[in-house]
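Trainee: One-letter residues, chain by chain:
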Amino acid sequence: MLKRKEISPVNLVASHLLRIQETDGHLNSFIKVLSDTSKKNAAQAEKEILAGEWKGKLHGIPIGLKDLYYTKGIPTTVGSKIYKDFIPNFNATVVDKLSEAGAIIIGKLQMHEFALGTTSHNPHYGPARNPWNTECITGGSSGGSASSVSAGQCMGALGSDTGGSIRIPSALCGIVGMKPTFGRVSRHGVFPLSSSLDTVGPMTRTVEDNAIILNAISGHDINDSFSSEHRLSDYTSDIEKDISGIKIAHPQTYFYDVIDEEVVCLMKKASEHFASLGGKVEPIEVPILEHTLAISGTILLTEAAEIHSENIRTKAELIGNDVKSRLQQGSLTSGVDYVKSQRARTIYNQKINNLFENYDILIAPTVATGAPPINDTSVEVNGVQELIAPLMARLTRPQNITGLPTISLPIGFTSKGLPVSMQLTAPAFQEARLYNVANQYEKISVFKNMLPPI
Amino acid sequence: MSHDNEPKPDIPPEYISELSIDAKQWVILEPLAKSASNSVKMLDQFLTVETESSAIFVLGKV
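Read top to bottom, the protein sequences are chains A and B. Everything in the first sequence is counted per my numbering, starting at 1 for the first residue and increasing by one. Everything in the second sequence is counted per my numbering, starting at 1 for the first residue and increasing by one.
Quick caveat, the hints were computed from the structure, so don't treat them as lab data. It is possible that some hints are incorrect.
[Stated by the list, open to error] Residues from chain B that face chain A, not an exhaustive set, calculated with beta carbons under 10 angstroms:
1. ILE16
2. ASN38
3. GLN45
Virtual Cβ for every residue (Gly too), placed ideally from N, Cα, C.
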């Protein structure tokens, strides 16, 4: 519609700024709204489109950034007090790529401090609130990204995912979140948390929108030493392909040890939907998954402690208690345990990758419950009290260990009206396959076109 | 004279104090650190001497 000049980028951005003004007092999605620069850039986009210089599907589209993406001349807080006045002197590679594609950066979004947490309950900037129920958490760490997209404050956002931080809030806020293959998208200029686990990716309301953003931000970058030179795909070209005959593995080990019955029921229905699309879903056991928490927890906390070693020694009083405690725990990890976890990761990855000799994708629930209340620290799961922080990331960690691409998409609601999602995983660099399968599922989903009450 | 080399649960060792850990936090952190280390020990059941920690180097090169 922008290309056909039926909608003006100026009006599109203005309507989103108005939506932010109306709703952000309830949601707290934004750390900084870029009203002036987004209006200026929208006017420029309008001029270009009117002159026939259409840059593509993102031209004139308002996009939000988790506040750990470096933005030249604009504060990048990383959700912390320590970096509240940090102003980068360059853009993250993906920010430049979005700008080249014509996207309009509308603001910097709320997050868990240092991206080291799963609730986005931020002691310095307040809690991000879930648009489906503002008394509930968004999940984290990319909580502001999820709530802003879900509530229509922007048309897409970037998050980051180290132990589930794109997929968890996407699941709890009822949107689509993609954690691409490790190395697919540059992390240059994205404040790090864990060098061997960090990935960045898009969060959107639909599968197709997500693929469009990944098209714009993917690719090799010499400034990121882990960036891959693997060939690029057009992630939108195959999304309409028929998926009949697809072989789907549904691991039961680990994923169903601690999980709400309502989520289990919705996953059963999702399996039936795949069968109705011609897919063959097979429950399988994968014993190595039992070691997920030992491997992921050790690597993530130790690498985070290294990144923040100076902060924890000299500025600990400025760090929120939960994050400080995690960084201290990571600092206490022995070198022996860290190396052992990385060695175990090699075996773990081999065993998971071997599954794709017999299956096209893996499916699993994304989060074990709907969004818990903001002020609670534990939640009852089948009669047992579980701590919320570790529970939220329990099911998303395996894909960070393996680095495999994984998309989270909504599959229904709990009896309290809160979104529930599943995640699909494919072999490395097969994001196009995930978009195809997710798009076919989305077409028959009860969730399609549903908006939160806010 | 008896020697007691065990860390006191309510007093963090001096080198840990550099990490801004006070006695109250140490009471919480010490069992967490021990428990995490114990779960890493369980990884020995499938590790062999030949297993290299290659994962992080391989991933980006696929």
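Trainee: All hints, please: hold or fail.
Mentor: Results for each hint:
no.: 1; hint: ILE16; result: holds (7 angstroms)
no.: 2; hint: ASN38; result: holds (9 angstroms)
no.: 3; hint: GLN45; result: holds (9 angstroms)
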